[in-house]
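Residue numbers (this note's numbering), protein chains in the order written: chain X, 1 to 357; chain P, 1 to 290; chain H, 1 to 277.
Note that these hints are calculated values from the structure, not bench results.
Check the hints yourself; a few may be wrong.
[Claimed, not checked] Part of the chain H face toward chain X, derived, beta carbon under 7 angstroms: (1) Gly92; (2) Pro161; (3) Asp169; (4) Glu170; (5) Arg175; (6) Gly178.
[What the hints assert, rightly or not] Derived Cβ-Cβ restraints for the label pairs, each shown as a range: (7) P:Arg202 with X:Gln134: 27 to 33 angstroms; (8) H:Arg89 with X:Gly266: 39 to 45 angstroms; (9) P:Glu186 with H:Arg89: 33 to 39 angstroms; (10) P:Asp183 with X:Ser254: 44 to 50 angstroms; (11) X:Val246 with H:Arg89: 33 to 39 angstroms; (12) H:Leu261 with X:Glu112: 27 to 33 angstroms; (13) H:Met265 with X:Val62: 51 to 57 angstroms; (14) P:Leu27 with X:Gly9: 27 to 33 angstroms; (15) X:Leu121 with P:Arg284: 51 to 57 angstroms; (16) X:Gln134 with H:Gly25: 39 to 45 angstroms; (17) X:Leu297 with P:Leu193: 40 to 46 angstroms; (18) H:Gly92 with P:Met67: 34 to 40 angstroms.
Where a beta carbon is used, it is the ideal one built from N, C-alpha and C, also for glycine.
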Amino acid sequence: MSTPIVVEGLTKRFGSFEAVTDVTFTAPAGAITALLGPSGSGKSTVLRMIAGLEEPTAGRIVMGGEELTVKSVQERRVGFVFQHYALFRHMSVADNVAFGLRVRKEAKDVREARVRDLLELVHLAPFADRYPDQLSGGQRQRVALARALAPQPKVLLLDEPFGALDAKVRQDLRRWLDELHRELGVTSLLVTHDQEEALELANQVVVMHEGRVEQVGSPKEIYDDPVTAFVAGFVGSANVLHGEVVDGHVRLGSFRLPGAGHLEEGTAAAAFVRPHDVRVSSGDGDTTAVVERIASLGWLSRVTLRLPDGDVVVAHVPHDELHGATEGAEVGLDLRNAKAFGLADGVPPAQDADPVG
Amino acid sequence: MTMSGAAQSIEGRGGFLGIPHRTAAALRHLALRGTAVVYLSLLVALPVAAVLTKGFGDGLDSFESAMARPGAWAAIRLTLWTSTIAAGINAVMGTMLAWVLVRYRFPARRLLSTIVDLPLAIPTLVTGLMILALYGPNSPIGRFFDDLGIRIVFTPIAIVIALCTVSLPLVVRSVQPVLQELDPAEEEAAATLGAGPRTTFRRIVFPAIRSAVVAGTLLTFSRSLGEIGSVILVSGNRTGKTLTAPVFIFQLTSQFRASEAAAVATLLFAISFVLVLVTTRILRTSGART
Amino acid sequence: MSTVAKRGGRSGHAGILAACLVYVGLLLVLPLIGIVWTALKPGFHIVTDTLSAPDVQHALLLTVQIAVITVAVTTFFGVIVAWVLVRQRFHGRSFLNALVDLPFALSPVTVGLACFVLFAPGGWLAPFFDARGIRINFALPSMVLVTIFICIPFTIREVVPVLEEIGVDEEDASRTLGASVWHTFRKVSLPNIRWAIAYGVALSTARSIGEIGAVLIVSGLIQGRTETATLYIFRATEERQTPQAYVVALLLAAISIVLLLAIEMFHRRQERAMSSA
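Working from the sequences, and respecting the hints, build out all of it.
As structure tokens, then:
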């Protein structure tokens, strides 16, 4: 049985440095909520406050109707998975998993059955008597997960659980965590700086930046409808074009893009356009551009184009939509789904929109 | 799965015996810290303060009467130069031993390592006795040197031998871990650029281990300044000739001249202390990796 | 392992190795053989005769008593100090750290003098103990106190780096699994530092047994009452009872070699435990 986690006005100060400022969100029962943000955004601190490993300076945490903030770590009954596993190095795998049950003085047969079940669940039953230093990184993290789940916590907290693993292992574990969650349905809170991980695994994403919540929404929402410039730039890749607000549009030199109706006329603004929203048009399009480079990436091409006013734009174009464009040629360009943000929103300087999504 | 009753009853009350857990944690931290502070204050700070006060509580009077005694300055000088020689010898031999233990493979390497550590475990008095046994008038080696006209025991030579022996492991154990951590790639690069082993040692290896050598040497010197167990048996303790400062302090104490003893003891301590400060300053400004 | 060691001529290497072996041989191996030879020269009966003498037995017993108390005290409080130094942040932490290293910078004679000064008539702590008729100087308490002072750094300096290296993650994990702080310490932290503690115990034991400078001052050299094994050797040498002195010295040397082997083993276990992370 899982419960929702409600975080209200959570703030954490270390001396004069405020790591977390007024963070509020709800992690729905039974879902995976990702706390996504760059390093230093305060997401791990939020997680540790929920676990009780850090004391909040202000704010409260409520889990299933119970105020968690006054309780000690031991009393909170949360499962915590650490980035570097934190397995008890002098205990066997089985003893590690059994630890939480031993603490609660579970009967021996109950304990042993539960350990067996969990090791089966994480596919590590033959390794029960091994020691952590005999396991690979991925195996250790699975043991850590089994250990955290053994006392049947109401909530599972994961602090960059795959951060210390290499790419292939990370992908495998990600898939596996997804399956596990479907099977167990425990409310989970996952801290990560890897947006692909967040978008793939989470039912809900909380985007954090410099200690504050930028946006809370489903993966689709934060990708398609970013509400701040940071979210637009951080989640997925984007071309950033700077211009001026004119008549509800962002004027960019020789052309303009719609979507600035909410911004003040005449102010500076930036338009965010995703690479796959930049299309080579068969006709005139929004603007012209010169093709600088075409890199073929299997089924699509990464096309680097230079706009008339000198800005560089990257487009991800499927092969059959290239319309015969070649390097050096001038083509017509459509820029769709532009998101406009005023500079007061702290728009970062012209980003490198290069990385393949 | 059911929870045991005890665990259930504690939950929800948020605390340990009714005290909010935050306060209990803070109290626990303070209790531990307080214990540590009291332990070290009573057992370390207090005795040191007592000696400093006893020695210089009356200004320089005790110090002056102590140093006016026959052999006082000679004792200080003797201690200083024998310690310097011992430190110098062990700086070289200790580094060589560390090198041999880390870089060479030979049978009984482990045995050598164990023997080098022997002075850490053996009572210094027994070390003194060993030196007496080997170089004293009753042993063949002692008689051999006697026939050559070289007296070893009851001379400063024996003091230096004793000091070298008891501080043998200090430089070795200081340098060994640093040598072990060195990246062989740097020396290999030097070799590909034409540097011979001596140049490589001088230019690549030594700068890397320099601060460890200095630290070990300093420890040796400091240890030698205060060494008594091995020295007291082999030196003969002749005032003005083979009487070292620690034995001098011991004599003063036996005569119940505690203030004078404390003054001299403070001087010895001050010398060590200043040396540590100076050396750390030098190491820091030369940009050495510590 | 450097390739440099392979180049540069075998004679160079042989030279360095030879120099080292000669040095160690002259300073340690030969003297050790010398003491065995000198002690056993009169015949094996000297060993049984000496070791059955009452003052020798008393001296050995006293040495053991002092060592046991010293090791118990310095280990228990040493772990606490190490914990506080590593896991807590507070003003004066570096001063506390410096205090831990202080015993290494002092001559044992100075340590004995300090104790003597504190408890002698006129000393800061004298009034308290004199009023209760408790003898500190020239009795067991002072000898224990000075030995404790000298052994304070051992446990602390061995445990601190291990605590630092291991970090708090395992302890945090233990708490999230519901273990109390004490349970966490017993089941998670303590097993991680056990070899460091063992190493410190072995070092302290060896040092306690070998202590001479400080106890020379505070014991008053009262034969049969405040004479440790090392003090017995000292007195016996002064009184020209050399054969007996050598026998007891040989015994202490043998004990320290056993301790040395223990020290080496614990040190190796500790290194192994630290590297498997």
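Inset, instruction - Taking the numbered hints from earlier one at a time, note which ones the structure violates and give those numbers from smallest to largest. - result: Structure breaks hints 1, 2, 7, 8, 10, 11, 12.
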